[in-house]
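Undergrad: One line per chain: the protein sequences are A and B, in this order.
Take the position in the first sequence, starting the count at 1, then add 4; the result is the number in the working numbering.
Take the position in the second sequence, starting the count at 1, then add 24; the result is the number in the working numbering.
Please keep in mind that the hints were generated in silico from the structure rather than gathered at the bench.
Nothing here was measured: the structure is a model prediction, and the numbers come from that model.
A hint or two may mislead.
Stated by the list, open to error - Pairwise CB distance ranges, derived in the manner of DEER restraints: (1) Ala210/A / Lys204/B: 52 to 62 angstroms; (2) Ala328/B / Leu107/A: 28 to 38 angstroms; (3) Thr302/A / Arg176/B: 26 to 36 angstroms; (4) Tyr197/A / Ser62/B: 53 to 63 angstroms; (5) Leu329/B / Ala117/A: 19 to 29 angstroms; (6) Thr167/B / Asp165/A: 41 to 51 angstroms; (7) Ala111/B / Ile34/A: 49 to 59 angstroms; (8) Met180/B / Ala33/A: 56 to 66 angstroms; (9) Pro48/A / Thr167/B: 41 to 51 angstroms; (10) Phe54/B / Ala117/A: 40 to 50 angstroms.
Backbone N, C-alpha and C fix where the C-beta goes; we use that ideal spot for every residue, glycine too.
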Amino acid sequence: MTEIAATRPSRPAAGTRPLLNALQVVLPAIALLAMITIIFSIRPAAMSYFGFNLLFKLSVPLVLAALAQMMVIMLGDIDLSNGAFVGLITCVTALYLQDWPALTVLAYLSGVAAYAGFGLLIHLRQLPSIIVTLGMSFIWLGIAVILLPAPGGVAPAWLTDFMSWQPPVMPLPIWLALIAAVIGHLVVTRSSYGAVLRGAGGNPRAVERAGWSITGIRVAVYAAAGLLACLAGLTLTGLTTSGDANVAPAYTLLGVGAVILGGGAFTGGIVSPVGTVIGALTLSLAGSLLSFLQVPPTWQIGAQGVILFLVLAGRVLLAERAR
Amino acid sequence: MTGRLTLAPWTYGFIVALAMWVATSAYSGFGSAGATLSGALAFGAFSVVVGTGQMLVVASGPGNIDLSVPSVLTLAAYVSMTVMQGADGMLLPGLVAALLVGAMAGAANFLAIAALRLPPIIATLAWSFVFQSLAFNLGGQATLKPPAALSRFTAMSIAGVQVMPLAVMALTLLAVLVLKRSVWGRQLLATGQSEAAARLAGIDVGRVRLVAYVLCGMAAALAGFLLAGFSGGAALNMGDAYLLESIAVVVLGGTSVAGGQANAIGIWGAALFFNLMSTMLNTFGIQAGVRFLLTGALIILIVALVPRPRVK
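The shape of chain A in the complex, shown without the other chains:
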């Protein structure tokens, strides 16, 4: 499944790999720091627990959605249904979690199982993931619109309370991003199973020869992606306090952007959870930065595109230097 593979995978010589990998995580981190610095120099009052909380509040669901996308990209696939699934989860959560918690959890699990099932279908029939997940996005949107034709419903109080909880030392969004990055790093980058998972994307044949079931891995990874997207939907419902089928279509492509910003590649096997989390934080902060800089609203979308270019161009320049 290399149909999403980049046109020109620039694989550097083996010796420069560790340096390059480090650079690829450091660069979005530098971009993130630069943005925070600019915001604080304009509005010093933002440099507080409360300010941080406000700036990064909306990044929590995006971080989780980006990690879900990362799992799929790790296999060399792409998930175009990520945002629609997050929207569906917000609808299910806002409609049922309050009154029928057990049934709702069952609904989440069937969503995860459906994700795994589509992963199996993609693998068994060797289908292009881009078109199957495109079909899936219509299915999720359809179910969400049937359940909740207009935005509404109510998030359970404990969920909204959790999302507005103020833990000690750092604001909640920072804690959650940190926890997600550490767990992701331990599982995907450090653990032996993580090496197998990345291998399944980079060189499936070798992993299969080593005795692993590629079918099993693909099903597991798609299930994990579904689970992470579920968590993204849950946290998003906690923030918006209601369900909306069309709340998160942007997550699909922003998530892809975060994975690539964080040093991932479409060739499969090359992803960084820490980079992805930082990439997602960078992308969600870009919006706030632009309003702090008083960029007129009509230019804000365009400026986000330019920021995406600038950070990625920096990565290319650094990679060139490192060679």
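With chain A's structure known, arrange chain B on it following the hints.
TA: Just chain B now, with coordinates in the frame of chain A:
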């Protein structure tokens, strides 16, 4: 599958479309069959124009895709409507302006991919943000009205035959000829099949891809120009539906996402299938959610069941 009659993958779209046309007509009386078909042909024509451009990009190699199609379509519509200011005499300058916008957008996409070595998904996505902003600043929330002559052309039919879908069919034939017979068309497919081999054969791979992206931008721009005339003006959300649809019609039309193989005629089948299905489900009075659900299920079903073309 051996021993049985096997159909080419791209014919499935036509067959399903035909079945839906018959079902719709049977439900609402056969008197409306003609109207149903002409509606599907008109709307399908826009999907085909956009899809044909996307096909060239997809065929140019694995990973190549243009996500900026909707924003280029919208921007070109705004620019051309601004140039024409609703005057019939400015029709040609308006068309030229639209195509120019498309060509520049395509070149910008390719430049970002080649110079910054970005994956096409990301490069075209980032540009689409920029194009969106440009269109927003050019037109704001207002709908820019098209010249009367353009609206007349898009809805015109001579002796019961619609002119615009016919013109788009001619465009499809041209695309078939270019892919099969022209040097660039052969080079495009060769590049898509194996970039390394194409390069060794002396093909300027970069130039071939540049042309593919430029043509894709121009196709999106042409669709925007015509759509603005057809739907009464340029609007900010006019391109939204064409992001997913342009990809879906290309793949369902029998073009391989792995690149190196293209099918221009199949796009018509997939486009008719899409438009006839929404007409059919509308006629049956089925609610929006179920319509989305069935669309998704059918896309997956068709891709899963259709025997895959064996390239490589």
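Undergrad: Run every hint past the structure and note whether it holds.
TA: Consistency of the hints with the structure:
The supplied range of 52 to 62 angstroms is broken by Ala210/A and Lys204/B, whose beta-carbon atoms lie about 39 angstroms from each other. Taking 28 to 38 angstroms as the suggested C-beta distance range, the pair Ala328/B and Leu107/A conforms, at roughly 30 angstroms. As the Cβ distance of Thr302/A to Arg176/B is approximately 33 angstroms, the hint placing it in 26 to 36 angstroms holds. A hinted range of 53 to 63 angstroms holds for the C-beta pair Tyr197/A and Ser62/B, which are about 58 angstroms apart.
Take Leu329/B and Ala117/A: their Cβ atoms lie about 22 angstroms apart, and the range 19 to 29 angstroms holds. In this structure, Thr167/B and Asp165/A meet the distance hint of 41 to 51 angstroms, their C-beta atoms being roughly 44 angstroms apart. In this structure, Ala111/B and Ile34/A meet the distance hint of 49 to 59 angstroms, their C-beta atoms being roughly 52 angstroms apart. For the pair Met180/B and Ala33/A, the beta carbons lie near 58 angstroms from each other, so the given range of 56 to 66 angstroms is met.
Checked against the hint of 41 to 51 angstroms, the pair Pro48/A and Thr167/B passes, with Cβ atoms roughly 44 angstroms apart. For the hinted restraint 40 to 50 angstroms between Phe54/B and Ala117/A, the CB-CB distance of approximately 44 angstroms keeps it satisfied.
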